[in-house]
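Q: With these hints in hand, go ahead and build the complete structure from the sequences.
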Amino acid sequence: MVVPTISRFRRTLLSLAMLGGLLAGVPIAQASESIRVLLASDVMRLEVRGEGGFTVTGMSKKERSAPSVLRIEMRKGTLRVNETRVSGERLLLTPRGPDLKLWLPGPNGALPVPDDKSALRISGAVQLVKKGKGLLVINHVDLEEYVKGVVPAEVNSAWHPEMLKAQAVAARTYALYQHRLSASRDYDVAASIQDQVYRGRHGVDDRVEQAVESTRGLVVTHEGAPIYAAFSSTAAGITEDAMVVWSKDLPYLKGVECPFDIESPYYQWKASFTIDTLERNLRNQGFPLGHIATLTPLTYSRAGRVATLRILHSKGELIVRGEELRKAVGYTVVPSTQFSIESVGRDIVLSGYGAGHAVGLCQWGAKELAELGYSFSTILRYYYPGTDLQQIASPSAPAS
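For the sequence shown, this note's numbering gives the first residue as 1175, with consecutive numbering after it.
None of these hints come from the bench; they were simulated from the model.
Heads up, none of these hints are tricks.
With a Cα cut of at most 20 Å, we get these calculated SDA-like pairs of lysine to any residue:
| # | residue 1 | residue 2 |
| --- | --- | --- |
| 1 | K1422 | L1355 |
| 2 | K1501 | T1470 |
| 3 | K1304 | G1283 |
| 4 | K1307 | A1284 |
| 5 | K1501 | I1466 |
| 6 | K1444 | T1470 |
| 7 | K1250 | R1219 |
| 8 | K1305 | G1283 |
| 9 | K1291 | G1377 |
Label-pair ranges, simulated between beta-carbon atoms:
| # | residue 1 | residue 2 | range |
| --- | --- | --- | --- |
| 10 | R1270 | G1398 | 36 to 46 Å |
| 11 | G1398 | R1249 | 44 to 54 Å |
| 12 | N1282 | R1245 | 16 to 26 Å |
| 13 | L1486 | S1208 | 46 to 56 Å |
| 14 | G1460 | S1488 | 14 to 24 Å |
| 15 | D1423 | G1306 | 34 to 44 Å |
| 16 | V1507 | P1462 | 19 to 29 Å |
Glycine residues also receive a C-beta, built at the ideal position from the N, C-alpha and C atoms.
A: Shown next as structure tokens:
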């Protein structure tokens, strides 16, 4: 694979760096917004602790005081708090102290031992929403505190400060974009790769604090509105158009050259999975499928990634998107759609490059650019072409 040299991009980056200087003196927004973060769904039991106790809103439509330890359980469709039956569909638990600790069940449904090691430490409040047979667990948290919880969960806090700033601005922008489109939902973002990984106060150190506080209130905008600030680990070539991955035609999510991420551990990879796994998981996703005979790339994106694949099977032919293959096999098993198929037998063997959807900011590319001396504002303008940086005092609502 021929990797273009960095020097060919210096003119573009230098012009963007000059634009970045226009940010000097922009006032910081005075007010921050609150973000609703889905921590878990279908929860049957949890434990919450907060020094000084809690104020609970929603119990018989009144606000009540509660002790510092709350053991919550859904039992036969009924919500119970410390064994007391609670009516209503929603509870808001607001700690009287600065933070709270939360224990959620593991894969087997059992709660972990309630110690500091197993606790999720978060700020803000916790809302419980009855949904089906279980609960949605939602963290209502200040936007800037939310961003502090995303940055060390998405990248290494030992990375260059300018990269951490770029990640902070991208995370803040993404959250605001979702927040302003989610009025009809119970939450704005999920605390997982579905949106952005968020682990509360875990991993928040002085470097993270500095990155978030020094960019407080800054978001990436297009025509005055927060953008869909997508990011992923390693592009390993040209970043991808959002139209190819999500059928979203967004002018600021068009592919740009990214020869900066060669040091990423995900730059080149090999993967294998059984043909039985692929058949079973595609059927579970609703695809009509017999026994697979062949699997071949059918079309490619402009950036060279597999856009669609052709599957010949005992019941006919099936066309799937590259991202559908990743979803069926597992995003960690097939890191990207930039791959070739080495062999198809009982095992399917792929050889590929990069990790993630490759739309928008490339995290490992941004790391290299920061180490080369480029500012966070230049990095963001490079990966999100045609955008500006703006305070969140009064940005326009994003277009859907």
